[in-house]
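Number of protein chains: 2
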Amino acid sequence: MPDRRPRGVLLDLDGVLYVGDAAVPGAAEAVASLQRDGVPHCFVTNTTSRPRWAVVDKLARFGLTVDEEDVLTPVVVAVQWLQAQGVTRPALFVPAATAAEFAALDPLPADAEEGAGAVVVGDLGEAWDFATLNRAFRLLMAGPDVPLVALGTTRYWRAPDGLRLDAGAYVRALEYATGRDAVVLGKPNPAFYATAVEALGLSPGEVVMVGDDVRGDVEGAQRAGLTGVLVRTGKFTPADLQGPVRPDAVLDSVADLPAWLTGDPAAGGG
Amino acid sequence: MPDRRPRGVLLDLDGVLYVGDAAVPGAAEAVASLQRDGVPHCFVTNTTSRPRWAVVDKLARFGLTVDEEDVLTPVVVAVQWLQAQGVTRPALFVPAATAAEFAALDPLPADAEEGAGAVVVGDLGEAWDFATLNRAFRLLMAGPDVPLVALGTTRYWRAPDGLRLDAGAYVRALEYATGRDAVVLGKPNPAFYATAVEALGLSPGEVVMVGDDVRGDVEGAQRAGLTGVLVRTGKFTPADLQGPVRPDAVLDSVADLPAWLTGDPAAGGG
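From first to last, the protein sequence lines stand for chains A and B. So the first sequence is numbered by the numbering used here: it starts at 1 and just counts up by one. So the second sequence is numbered by the numbering used here: it starts at 271 and just counts up by one.
One chain only, chain A, in its complex shape:
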C-alpha cells in the first residue's frame, strides 16, 4: 500500500459499479461522495460499440449521475492520443455510433485509398468484408509511418446467436500483414492509462485504478505507474490473490473506496 493515498481515481464500470443488471450496493453513494469531495475521477471502460452518452445513460439506470466528459472509452483516449501526436485525417474502421467522436480530427472519406494519418480499428462486426480489411491494409502500406491504432484487442464475445469475433482478430491480421505493431488504446495498455491520467491533470503516482480484473485493471494500472486496487465484486475470485499480481489494496466493494481514500484503517487492506 502506498504511504500516501492517491488523489485521483479511475473507476472500472462492469463488475465494480454494477454486475449484470444489478447495481453494486453502495456504488452510487461512493461515486456521489467522490463528486461531493471534488476528487478528480474518470470512469474507464473498454467498450468501443457505445458512445459516451450511452455509457452515461446506462449508469443512470443504476442510480449513478455521471458527466459525459468523465467517461473515458478507448475511442475518447484514441482521439486524445491522436491529437497529442498531431495526427489528423484518421481512417476509421469503427462502428458508426463511435465514428462521430472523431469528427474534430477530420476523418478520411470512406472511399479514400491513401492519405490516412492513422488507421483506427474497432469492432466493425458484420462490416468486416474483404474490401474493408484490405483497404485498412493498403492505407497502412501506403505510408510506413501511419500508425495502426487499436481500440482494443478483445478476441471475441458471446452474442445471443453464438460467439463473434471482436476487433482483436482483425488487429492481429493487420499487424501480421503489415509487419507493424498496433498502438492499443484500451485497458490494460500503458498508453490508455497514461492518457487517462493526463485527463485528470495528475501524474500516474497520484492516481488509483479500481477494478475487478486483477490482470487488466490492477496489473495494467500498476505497470503504468498507478496504484491498483482490486474489489471483491464482479469477476473477482479468491484465486486472484494467489497469482503473481499484488494489488495495492483489496476492498470488499467500491462502497469502501471513499473511506480507503481518506486513510480510514477500517476500509480494506493489502
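Wrong hints could be hidden among the right ones.
[Claimed, not checked] If we take Cβ atoms under 7 Å as the criterion, some of the chain A residues that face chain B in the derived model are: (1) Glu126; (2) Trp128; (3) Phe130; (4) Phe137; (5) Arg138; (6) Met141; (7) Arg155; (8) Trp157; (9) Gly162; (10) Arg172; (11) Ala173; (12) Tyr176; (13) Ala177.
[Stated by the list, open to error] Over 12 Å on every C-beta distance to chain B, these chain A residues come out as not near it, computed from the model: (14) Ala169; (15) Arg215; (16) Thr262.
[Said to hold, decoys possible] Cβ pair distances, simulated, as ranges: (17) A:Arg215 - B:Asp381: 31 to 39 Å; (18) A:Gln83 - B:Arg428: 45 to 53 Å; (19) B:Glu383 - A:Gly63: 34 to 42 Å; (20) B:Gln355 - A:Pro25: 50 to 58 Å; (21) A:Ala131 - B:Arg485: 44 to 52 Å; (22) A:Arg246 - B:Trp427: 44 to 52 Å; (23) B:Gly432 - A:Ala96: 21 to 29 Å; (24) B:Ala380 - A:Pro244: 44 to 52 Å.
Derived by calculation from the structure, the hints in this document are not laboratory data. All values derive from a computational prediction rather than experimental measurement. Heads up, the beta-carbon is just placed ideally off N, CA and C, and yes, glycines get one too.
Keeping the supplied structure of chain A fixed, place chain B upon it in accordance with the hints.
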C-alpha cells in the same frame, strides 16, 4: 555436401524450372533425365489458387511433360496430412477450384456450424466476409481438438489493382482468436516437407530439395532433415551465400542437377 548423393528429388517450380514467362535453359532436359532414370521426384509449389492440372498445363508451356500425381501443392499435402491423421469432414475455406481436391475427405457442408474434423484455410480473397471468418472461428471453438490447417502464411500479393491480403492474415486472425497454432502445410513448414518425402516413399535423408529461395527452400528443407540445394536462377542473389544458411550445394541451374545427382565432380559444389 552429404557423402552419398540423394536418391529422390523435390523441385521448386517458379525460379527453378522457369523464370517469369521463360523456361530455364536445360530444365526440360533435366526433368526428362530424372524421369528416364527413374529418380523418385515431385514438383512442389506453394500455390493454393490452382489445382494440379493447371500446374501441369503451365509446365507443358515450358516444354515440361509432368504427371499430375507428381505435383505437390499445399492442397495435396493437406489432403495427405488429414488422411494420415484420420480426419474427415474438413470445413474448407479455400477457392472453389481447389475445394474439389478434398472430395475424398467428405467435406462439411458450407452452412454447417459444427462437426468439422478440421478447419482448412487458404486464400479465399473477396469471399472473406465476416460471416465466413466467424464460421471458421466457431467451428474451431466448437471442438478443442479441431486442427486449424493453413495452406500458407503469405501476407499479401500484388494484384493488378494493388496489394491484396493473402491467407496468412486470416490464419493469424483465427490463431489469435482461438489461441490455437495453425498447422502450416506449405513451404517452408516441416510438415510440408515430411509429407512430400513420404509421397516419394523415402526418408528425409534420402531426398534433396532444389530451390531458388535460400530460406524457404534450402533452409526449410534442411530443417526437415533433407539435403538443400540452391540454384543460381530465379530470385537467387550472391548475398544469399553470405547469410546464415549453408546450402549443401549450389548449382548454376537445374540443368546441372542430373550430373550432380550422379556425383559428377564437374557439376556445382558447396
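Hint by hint, here is what the structure shows:
1. Using the Cβ-Cβ criterion of 7 Å, the hint placing Glu126 (chain A) at the interface with chain B is satisfied: the shortest such distance is roughly 5 Å.
2. Because the smallest distance between the Cβ of Trp128 (chain A) and any Cβ of chain B comes to about 5 Å, under 7 Å, the interface hint for this residue holds.
3. Satisfaction of the interface hint for Phe130 (chain A) is found here, the shortest Cβ-Cβ separation to chain B being roughly 5 Å, below the 7 Å cut-off.
4. With its C-beta approaching chain B no nearer than about 5 Å, Phe137 (chain A) sits inside the 7 Å limit, and its interface hint holds.
5. For Arg138 (chain A), the suggested interface contact is upheld, since its CB lies about 6 Å from the closest CB of chain B, less than 7 Å.
6. Taking 7 Å as the C-beta cut-off, the interface hint given for Met141 (chain A) holds, the closest approach to chain B being about 6 Å.
7. Among the interface hints, the one on Arg155 (chain A) holds; its C-beta lies about 5 Å from the nearest C-beta in chain B, closer than the 7 Å criterion.
8. Checking Trp157 (chain A) against chain B: minimum C-beta separation of about 11 Å lies over 7 Å; hint violated.
9. For Gly162 (chain A), the suggested interface contact is upheld, since its CB lies about 6 Å from the closest CB of chain B, less than 7 Å.
10. Given hint, Arg172 (chain A) at the interface with chain B, holds; its Cβ is 4 Å from that chain's nearest Cβ, closer than 7 Å.
11. Using the Cβ-Cβ criterion of 7 Å, the hint placing Ala173 (chain A) at the interface with chain B is satisfied: the shortest such distance is roughly 4 Å.
12. Interface hint at Tyr176 (chain A): satisfied, since its Cβ lies 4 Å from the closest Cβ of chain B, which is below the 7 Å cut-off.
13. The interface hint given for Ala177 (chain A) is met, as the beta carbon of that residue sits about 4 Å from the closest beta carbon of chain B, less than 7 Å.
14. Not every CB of chain B lies more than 12 Å from the CB of Ala169 (chain A), the least distance being 4 Å, so the non-interface label is violated.
15. With a least CB separation of 15 Å from chain B, Arg215 (chain A) remains clear of the 12 Å interface cut-off, as annotated.
16. The beta carbon of Thr262 (chain A) is kept farther than 12 Å from every beta carbon of chain B, the shortest such distance being approximately 43 Å.
17. Under the hint 31 to 39 Å, the C-beta atoms of Arg215 (chain A) and Asp381 (chain B), about 38 Å apart, fit the expected range.
18. Judged by the Cβ atoms, the range 45 to 53 Å given for Gln83 (chain A) and Arg428 (chain B) is violated: they are separated by roughly 35 Å.
19. Between Glu383 (chain B) and Gly63 (chain A) the beta carbon distance is about 41 Å. The supplied range of 34 to 42 Å therefore holds.
20. For the pair Gln355 (chain B) and Pro25 (chain A), the beta carbons lie near 54 Å from each other, so the given range of 50 to 58 Å is met.
21. The beta-carbon spacing between Ala131 (chain A) and Arg485 (chain B), approximately 32 Å, falls outside the hinted interval of 44 to 52 Å.
22. Range check, Arg246 (chain A) to Trp427 (chain B): Cβ separation about 49 Å, and the 44 to 52 Å hint holds.
23. In this structure, Gly432 (chain B) and Ala96 (chain A) meet the distance hint of 21 to 29 Å, their C-beta atoms being roughly 26 Å apart.
24. Checked against the hint of 44 to 52 Å, the pair Ala380 (chain B) and Pro244 (chain A) passes, with Cβ atoms roughly 45 Å apart.
Of the numbered hints given earlier, the model fails hints 8, 14, 18, 21; all others are met.
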